[in-house]
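Engineer: The residues making up each chain are set out below.
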Amino acid sequence: MAIVLAAFIILSLYDLQRFIRKKEQAKVFVIYASLMAASLTVSLLLAADKRPASPAQLIEWILKMIGVVK
Amino acid sequence: MEKARISSIQLFLLLTGFLYGSTVIINPALGAKNDAWLAIILGGVGGALLMGVYVSIALLNPSRTLVEILRDRSGKFVGNAVSILYIWYFVHLASLVFRNFGEFMVTVTFPETPMIIVIGIFAVILVYAVNSGVEVMGRLSELFMPVVPVVVLIISLSLITTRDFTAFLPVLENGMAPVLKAAFGFITFPFGETIAFLMLFPHLNQKGNLKKIAALSALFLVVLCLVIFMRDISVLGSGLMQQATFIPHLTSLLIPGLNVEPLVDINLLIGGGTKISVCIYAAVKALSQVSGIGDYRKLTTAITTFCVVLSIWVYENVLEMLSWAEKVWPYYSIPFQMVIPLILLFLSFKKRVKPSNVRNGS
Amino acid sequence: MKCRKDKYAVKIATLAVSSMVFLLLTGCWNNRDLTEINMVTALGIDRTEDGKVLLTVQVVEPAAIQSTASGKGKGGGAQSKPVFVESYEGETVFDALRSMLSIVDKKLFLSTAQVLILGERLSKNGISEALDFFQRNHEVEYEMDVLVARNATPKEILEMETDIDPIPAVYIKGTIENTVSRAKAKRTILLDLIKDMGDSGRQPVIGQVEKAGEKEVRTEGAAVFRDGKLAGWLDPYETRGYLFAAGKVKSTIVNIPADNGKISMEVIRSKGKINAEFKNGEPAMLTVRVGLEANVGEYEGKGKLDSPDDLHKLEEILGDEVKKEIRRALDKAQKDYSSDIFGFGTQLHKYHPQYWKKVKDDWNDTFSKLPVDIKVDAKIRRTGVIKGPIKKDG
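These protein sequence lines are chains A, B and C, in that order.
When the letters of the first sequence are read in order and numbered with this note's numbering, they come out as residues 1 to 70.
When the letters of the second sequence are read in order and numbered with this note's numbering, they come out as residues 1001 to 1362.
When the letters of the third sequence are read in order and numbered with this note's numbering, they come out as residues 2001 to 2394.
For the record, the hints were derived by calculation from the structure and aren't laboratory data.
Some clues are possibly wrong.
Calculated cross-link-like contacts (lysine-lysine; reagent style DSSO-like; alpha-carbon spacing at most 27 Å) [stated by the list, open to error]:
hint : chain 1 : residue 1 : chain 2 : residue 2
1    : C       : 2358      : C       : 2271
2    : B       : 1181      : C       : 2360
3    : C       : 2357      : B       : 1181
4    : B       : 1351      : A       : 64
5    : B       : 1033      : C       : 2358
6    : C       : 2375      : C       : 2273
7    : B       : 1351      : B       : 1211
8    : C       : 2273      : B       : 1033
9    : B       : 1327      : A       : 64
10   : C       : 2335      : C       : 2313
11   : C       : 2387      : B       : 1181
12   : C       : 2323      : C       : 2271
13   : C       : 2323      : A       : 22
14   : C       : 2262      : C       : 2391
15   : C       : 2271      : C       : 2313
16   : B       : 1076      : A       : 64
17   : C       : 2279      : C       : 2369
18   : C       : 2007      : A       : 23
19   : C       : 2358      : B       : 1181
Taking beta-carbon pairs under 7 Å as the criterion, some of the chain C residues facing chain B (in silico) [to be verified]:
hint : residue
20   : 2136
21   : 2138
22   : 2199
23   : 2281
24   : 2284
Quick look at which bits of chain B chain A covers, simulated, 3 or more residues with Cβ under 8 Å [as the list claims (entries may be wrong)]:
hint : segment
25   : 1286–1293
26   : 1297–1311
27   : 1314–1326
In this text, a Cβ means the ideal position worked out from N, Cα and C, and glycines have one as well.
Same shape as in the complex, but just chain A (with noise of 0.2 Å):
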């Protein structure tokens, strides 16, 4: 856990520092926030043995659903 955060922490840093610098738009920061605040919650929730649901799953369940998968 608490390596996943240091990871993240010093990731973010890493970027934001030179965003800053260089004086990115809003969306910029809006982007890489919302994309690492995705993978930041995925992944502390993997770290505490709490898998959501994946993506694989979601995307075999819909084509069950419509039925080109058995």
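Dock chains B and C against chain A, hints included.
Structural biologist: Using the frame of chain A, we list chains B and C on its own:
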């Protein structure tokens, strides 16, 4: 738009590396068991046609990336929406290849290393490659891709004495149905995935060669897969081949007195690396174009991080990965690889016919 | 100026980070030095009476090997033996292997194992379950030789201390490798065994090893399996007949009677082919075709050996002799064990898939009832340094 240019040979190598990618680990054509060679040939023909569709789209819309074509042809809103789906698709594909790679490494080479470390370190290098730009990726493929067929040849020739060349018999024991199914799988994985190259084609310096390049790389892959298949089945026999988790690795273990196992890892690193970096590049580039951010490099880290996390998240175990690639992936890919591109091709033709009547009626 | 310094610092930092990555990339997470592992040279598995797995390992001590090699006779290495043998019981092979660490100090490293010896009780109960581990584990070499111990447990075989080689496993492996010039033992490597186990058209045959005294083993003959279970044994001559039919004879000595004595023929080349002849969609007859080339190796007697005709006569006798051996092997396989060790089924599967589908499930019984036609074409090429045997004129 960046002015990076890649040469024909570089694109050919990138395309071949992309196609070769993780077929080292998962080759859907092998679902046809003894008739996989037939599935490889049929799938190769179909795959080449599919790549022809992508190339035609690129030729009808010169200097345009997939996102721009989508926006041009179907309006800004629909175009952006479909582009976002494609971004997801590329991210998903990259994370699948990450997972394949990690799963392979953890099973055979580093059994006690946590998979996230293997994937993470690989990702660091790929972020660096993607951020260096298309030109660097092209040059890297020039440097590394020639190794791939050499490795395949080395392993094949080392085993020439311990073979049963009739092992692929009988032909069509279970009829055509499984062959066609496997061939279809082979079209979607890896040929259909070259849709990601629509983000790269604008960088080619000589547009005229595009068709030839695509056809050649498809041919090259078919030949390579046939050699690998014939080697594996004649060494392992069909029973063991169906049981093996990672077939080429098992074959390479059998070379007497020589440990060439790392060569298979190298091949995987090269093929998988090419594939992932192209996918990440395509995803990041598309994302930056959809959101109107000038330089794609800003988002590479974020996207790659997401890919790495997704790669761990996506499957619980190795068998899920293998069966998903065989059973779900082909159908999941149909809209991305066939439906949307065909619509796009149709739209591009329609739009082109109108002005061309006026401009060059000859 | 400041900007340039910044760039310099970034470059240094990048270099530092990337060199750390290189360190990580090259090293294994679970790197273990030679001093931290026990190198297993041979493995033995057997079943206990209550169905558990009894695993025996033979582990080599590199340091002791060196002292025996250099200080032979000096008595310096007297207290340290080059190998040690340990056994442990477990529910499965892997369980036993790990549990054994309670009596062995270092982790057991399997990649160096060269011989796998299967016990008789295990073989009778079925070997496929116990073999799973050896296919699945990434450390196990598929080139490892497999043998079945007869009239002895694997432990007894592995515990034997021989004077011929400091490492018994190397000695055992050497004797089985000698089959290239004897053809009286079947050499089976793990890969072939696994292939045969997964092929419903062919039953595995594994070489046999037994004690030949206090300090030697003998690898001769072979064990016949049916559906993964030990069905019976082939004696050395039947084994050779089987090997002739399977086309696996490299070289061997066949003794044939001749005028006033006997001749030892050295087979130098041999080809074997099996097939099935079809009539009305059913196999009417199985065929074995063997072609071999031989030299006269020794003539113990007083006959003459001058003209090509003499050789032709001998060729016929040699052919008949080999044919007899093949017939014996076939009879055993068909009548006694009802087990298609030759792989006729595989041949049918390849070339007559439709028929094979029908008989696949009880092929061994069908096989036992089919007549077999054997043809051996022997050619004698050379007679060695001299022609006929030496005799006084007259």
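Engineer: Decide, hint by hint, whether the structure agrees.
Structural biologist: The hints, checked one at a time:
1. C/2358 <-> C/2271: Distance of about 30 Å is beyond 27 Å: violated.
2. B/1181 <-> C/2360: Distance of about 26 Å is within 27 Å: holds.
3. C/2357 <-> B/1181: The given pair, whose Cα atoms are some 22 Å apart, holds under the 27 Å limit.
4. B/1351 <-> A/64: violated, 37 Å
5. B/1033 <-> C/2358: Distance ~20 Å between residue 1033 of chain B and residue 2358 of chain C Cα, so the pair holds.
6. C/2375 <-> C/2273: holds, 10 Å
7. B/1351 <-> B/1211: Holds, at about 21 Å.
8. C/2273 <-> B/1033: Distance ~26 Å between residue 2273 of chain C and residue 1033 of chain B Cα, so the pair holds.
9. B/1327 <-> A/64: holds, 11 Å
10. C/2335 <-> C/2313: violated, 32 Å
11. C/2387 <-> B/1181: Violated: residue 2387 of chain C and residue 1181 of chain B sit about 66 Å apart, past 27 Å.
12. C/2323 <-> C/2271: holds, 13 Å
13. C/2323 <-> A/22: violated, 89 Å
14. C/2262 <-> C/2391: With Cα atoms ~15 Å apart, residue 2262 of chain C and residue 2391 of chain C stay inside 27 Å; holds.
15. C/2271 <-> C/2313: holds, 21 Å
16. B/1076 <-> A/64: Distance of about 32 Å is beyond 27 Å: violated.
17. C/2279 <-> C/2369: holds, 16 Å
18. C/2007 <-> A/23: It holds: about 19 Å lies between the C-alpha atoms, which stays within 27 Å.
19. C/2358 <-> B/1181: OK: residue 2358 of chain C and residue 1181 of chain B at ~25 Å, within 27 Å.
20. 2136: This hint is violated: residue 2136 of chain C lies away from chain B, its Cβ roughly 9 Å from the closest one there, beyond 7 Å.
21. 2138: holds, 5 Å
22. 2199: holds, 6 Å
23. 2281: violated, 15 Å
24. 2284: Residue 2284 of chain C check fails; min Cβ-Cβ to chain B is 20 Å, beyond 7 Å.
25. 1286–1293: holds (count 4)
26. 1297–1311: holds (count 10)
27. 1314–1326: Per the Cβ count (5), the hint holds.
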